[in-house]
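Chains as they are written, first to last, in the working numbering: chain A, 1 to 109; chain B, 1001 to 1114.
No wet-lab data here; the hints were simulated from the structure. Here a beta-carbon is modelled for each residue, glycine too, at the ideal position from N, C-alpha and C. Treat the hints with care, as some may be off.
[Claimed, not checked] Here are the simulated lysine-lysine pairs, BS3-like style, with alpha carbons at most 25 Å apart:
no. : chain 1 : residue 1 : chain 2 : residue 2
1   : B       : Lys1068   : A       : Lys42
2   : B       : Lys1078   : A       : Lys42
3   : B       : Lys1024   : B       : Lys1078
4   : A       : Lys42     : B       : Lys1024
[As the list claims (entries may be wrong)] Counterexamples of contact, computed for chain A against chain B with all Cβ distances above 10 Å:
no. : residue
5   : Leu8
6   : Gln76
7   : Ala78
8   : Lys108
[To be verified] Partner residues aside, some chain B positions facing chain A, computed with beta carbon under 10 Å:
no. : residue
9   : Val1004
10  : Phe1033
11  : Tyr1035
12  : Phe1065
13  : Ser1087
14  : Phe1091
15  : Tyr1101
16  : Phe1105
17  : Pro1107
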Amino acid sequence: GESVGLHLPTLSVQEGDNSIINCAYSNSASDYFIWYKQESGKGPQFIIDIRSNMDKRQGQRVTVLLNKTVKHLSLQIAATQPGDSAVYFCAENAGKSTFGDGTTLTVKP
Amino acid sequence: DAGVIQSPRHEVTEMGQEVTLRCKPISGHDYLFWYRQTMMRGLELLIYFNNNVPIDDSGMPEDRFSAKMPNASFSTLKIQPSEPRDSAVYFCASSFAGSSYEQYFGPGTRLTVT
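Okay, chain A solo, but in the shape it has when bound (with noise of 0.2 Å):
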């Protein structure tokens, strides 16, 4: 069946590093894949997004990457802020969106 999975359910970096947040999918027939954050008592937020007809697309400060051959998908975070601490999910979407389970982004000062 469809699954959506993160590579590590935890990730703790240095203020200021790049931060990499992976994601592997199953479903060959998604066409449409988006990264959400959670902060600590609030409900997912959009961050970027991307369409399966592409392989990267920047937003600020973020940079989504997909390869489609190996079903794979990335969130990289530049300059990462202690604000940017959160759980990071990725989504696909075949008519209707699967999540994953969520990576843990801590922010060491």
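We have chain A; now place chain B onto it with these hints.
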């Protein structure tokens, strides 16, 4: 826009009681989703509506759960009777298919069943 509004924010109830969670989606959005989040199971899609019509309820755990969307601006998720294992944070989200699949989440309702 105020975003997706959920009420109540916290609910504590005893086992066997009926629980009703409420959601007001963002005006103009044509999709509405109900999710449940727990440490053990993560974020689970329970049901979603398109133009007030339930499209996929395969995530609803059992008959004790029911959801309605009587109009474009209101939806309810009901649990009757509630059980301790229903304790979780329930999120409502809405989206507009005309732009993207991005979902806007509400703040959630934290349900505790004792």
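Structure-based check of each hint:
no.	hint	verdict
1	Lys1068(B) - Lys42(A)	holds, 24 Å
2	Lys1078(B) - Lys42(A)	holds, 22 Å
3	Lys1024(B) - Lys1078(B)	holds, 15 Å
4	Lys42(A) - Lys1024(B)	holds, 17 Å
5	Leu8	holds, 15 Å
6	Gln76	holds, 20 Å
7	Ala78	holds, 22 Å
8	Lys108	holds, 23 Å
9	Val1004	holds, 8 Å
10	Phe1033	holds, 8 Å
11	Tyr1035	holds, 8 Å
12	Phe1065	violated, 18 Å
13	Ser1087	violated, 16 Å
14	Phe1091	holds, 5 Å
15	Tyr1101	holds, 5 Å
16	Phe1105	holds, 3 Å
17	Pro1107	holds, 6 Å
Checked against the numbered hints above, the structure violates hints 12 and 13; every other hint is satisfied.
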